[in-house]
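Participant: Spelled out, the chains give:
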Amino acid sequence: MARLAKAYIAGIFEHPTRKAVDKTVPMLHAEVALGALADAGLSKHDVDGYFCDGSLPGLGGMALAEYMGLDLTYTDTTETGGSSYVIHVGHAMEAIAAGKCKVALITLAGRPRAEGLQKLGARARGEDSPERGFELPYGPMVTNLYAMSTMRHMYEYGTTSEQLAWIKVAASHHAQHNEHAVLRDVVTVEDVINSPMIADPLHRLDCCVISDGGGALVVVSPEIAKSLGDRCIKVLGQGAGIKHLNGGRFDLTYTGAAKSGPIAFAEAGVTPADIDYASIYDSFTITVLETLEDLGFCEKGKGGALVSDGNLISGVGKLPFNTDGGGLCNNHPANRGGMTKVIEAVRQLRGEAHPAVQVPDCRLALAHGTGGQISQRTGAGTVILGSNDA
Amino acid sequence: MSDRIYPDPTINLETECYWQAANDGKLLVKSCNACGKAHFYPRAICPECGSPDTTWTEATGRGRIYTYSVMRRADPPYAIAYVTLDEGVTMMSNIVEADFDNLSVDMAVEVMFGQTEGGQALPLFRPARGI
Ligand SMILES: [Zn+2]
Numbered sequence: 001m002a003r004l005a006k007a008y009i010a011g012i013f014e015h016p017t018r019k020a021v022d023k024t025v026p027m028l029h030a031e032v033a034l035g036a037l038a039d040a041g042l043s044k045h046d047v048d049g050y051f052c053d054g055s056l057p058g059l060g061g062m063a064l065a066e067y068m069g070l071d072l073t074y075t076d077t078t079e080t081g082g083s084s085y086v087i088h089v090g091h092a093m094e095a096i097a098a099g100k101c102k103v104a105l106i107t108l109a110g111r112p113r114a115e116g117l118q119k120l121g122a123r124a125r126g127e128d129s130p131e132r133g134f135e136l137p138y139g140p141m142v143t144n145l146y147a148m149s150t151m152r153h154m155y156e157y158g159t160t161s162e163q164l165a166w167i168k169v170a171a172s173h174h175a176q177h178n179e180h181a182v183l184r185d186v187v188t189v190e191d192v193i194n195s196p197m198i199a200d201p202l203h204r205l206d207c208c209v210i211s212d213g214g215g216a217l218v219v220v221s222p223e224i225a226k227s228l229g230d231r232c233i234k235v236l237g238q239g240a241g242i243k244h245l246n247g248g249r250f251d252l253t254y255t256g257a258a259k260s261g262p263i264a265f266a267e268a269g270v271t272p273a274d275i276d277y278a279s280i281y282d283s284f285t286i287t288v289l290e291t292l293e294d295l296g297f298c299e300k301g302k303g304g305a306l307v308s309d310g311n312l313i314s315g316v317g318k319l320p321f322n323t324d325g326g327g328l329c330n331n332h333p334a335n336r337g338g339m340t341k342v343i344e345a346v347r348q349l350r351g352e353a354h355p356a357v358q359v360p361d362c363r364l365a366l367a368h369g370t371g372g373q374i375s376q377r378t379g380a381g382t383v384i385l386g387s388n389d390a
Numbered sequence: 001m002s003d004r005i006y007p008d009p010t011i012n013l014e015t016e017c018y019w020q021a022a023n024d025g026k027l028l029v030k031s032c033n034a035c036g037k038a039h040f041y042p043r044a045i046c047p048e049c050g051s052p053d054t055t056w057t058e059a060t061g062r063g064r065i066y067t068y069s070v071m072r073r074a075d076p077p078y079a080i081a082y083v084t085l086d087e088g089v090t091m092m093s094n095i096v097e098a099d100f101d102n103l104s105v106d107m108a109v110e111v112m113f114g115q116t117e118g119g120q121a122l123p124l125f126r127p128a129r130g131i
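Here the protein sequences come in this chain order: A and B. The first sequence begins at 1 in this note's numbering and counts up by one. The second sequence begins at 1 in this note's numbering and counts up by one.
Looking at chain A on its own, in the form it has when it is part of the complex:
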């Protein structure tokens, strides 16, 4: 019997650019918005709800609503870093279920490569954030923060660099088929562990790519989905959570997925064993490993064994993940990867992933976003999606 859904993802679009020297950020937003609406078979005049993160040009979504000419009665600017867009899907589902909007547009765009690292640094947010004085003098960078989670996971569970490397290897096997991917060469475990050490124990190839671009999603009510046809994907469950340093009492071997995952699975009424395909946020290899454990794909501490020996490679292993090449090889637009996680899950459920990586009879998928830094303050968003006949 087919499951009921409160909302459907009707349209997706991933910007093909990876370096946007000739575009402004608002242009990118408009391009991905129009791309996703065209994919859905809708126009911008159908949109009544707009969802975006807090890093947009202008205050909240207002400047971009004006730029794109949207006529809105609902908006949500939830900002949890790279997990924002996964949470936006959940919030759009709830708003639609409550009758507050019918066509929700979610956009992400940015150009960290074109703008250069200097601007990225100058953009450093949170000048007045309360923890700042107790962290900034010690040189926290993104890499050494994720490295500290890795080091602790290795200490407690014996996780190895070789096991983590398998995650990059799997992503690279998928990325070879993606013409837009930043890194298309297949790599080996040896390639990863022999790449330069950035912040031990993380090597260069344990890190994701930096790319410009963006993406968009259109989430619609069941009535509108019915009129649009079979390419609409069910949103079956969603969960969110924030994890932080808790006044100085914390455990870095898990992420916010330990909170968001069980909520999403319970709402969807499914378990990790039911999932045919998983999009897992992959800012670094460790992000994937801890998240898979936290979502219940294996016991805590056993993630190293789970990801080894090609188990994440589509057509090879039991848990195909990030078949677009993920953030590790394909795209990490604006340093925020949650959007592309949802997009590839929708492609899989539609049967529209690249044939070389398409999961046969893919009916249930999970997309997970991780925001901020898993060793400081981190946001988590999980959605469980189903194909039209799931």
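One or more of the hints may lead you astray.
What the hints assert, rightly or not - So these bits of chain B aren't anywhere near chain A, every CB distance computed over 10 Å:
#, residue
1, Asn23
2, Glu58
3, Met112
4, Ala128
What the hints assert, rightly or not - Straight line, CA to CA, 20 Å or less: simulated SDA-like cross-link-like pairs of lysine to any residue:
#, chain 1, residue 1, chain 2, residue 2
5, B, Lys26, A, Glu135
6, B, Lys37, A, Asn246
7, A, Lys19, A, Leu183
8, A, Lys44, A, Lys100
9, B, Lys37, A, Phe250
Because the hints were derived from the structure by calculation, they are not lab data. Think of the CB as a built atom: it goes at the ideal place given N, C-alpha and C, for glycine as much as any other residue.
With the hints as your guide, set chain B with the ligand onto chain A.
Facilitator: Below, chain B with the ligand without anything else, positioned relative to chain A:
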């Protein structure tokens, strides 16, 4: 000694005692008179129970490395760490006066003070020497 330049911390009315004490060579933590728990970073209102009855206490300055990472690409390389103090709370810091290749999780460390660009004393940790 390291050539590393430490940026100045942002200091506000909730945290100025901490930084003044650092200039006197003391590491302070905030403790709560209502629930009895210490917390870090220091706040006026206890994040555990919500009580405003919080008080400064001097830490022993001893602790263990909860986790760390050496930033190999930086010039000079530096070791960021979370150090769990004897008082039970864990704080971010840097490990100094150490062979970075011989650091380990759970290593005993002790506080010492470096100087930021603007001359503020900054709590750092080195491998424990005493005892
Ligand atoms: Zn208290």
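Participant: If a hint holds in the structure, say so; if it doesn't, say that too.
Facilitator: Tested hints:
no.: 1; hint: Asn23; verdict: holds, 14 Å
no.: 2; hint: Glu58; verdict: holds, 16 Å
no.: 3; hint: Met112; verdict: holds, 14 Å
no.: 4; hint: Ala128; verdict: holds, 19 Å
no.: 5; hint: B:Lys26 - A:Glu135; verdict: holds, 18 Å
no.: 6; hint: B:Lys37 - A:Asn246; verdict: holds, 12 Å
no.: 7; hint: A:Lys19 - A:Leu183; verdict: holds, 13 Å
no.: 8; hint: A:Lys44 - A:Lys100; verdict: holds, 18 Å
no.: 9; hint: B:Lys37 - A:Phe250; verdict: holds, 14 Å
Violation of the numbered hints given earlier is absent; every hint is satisfied by the structure.
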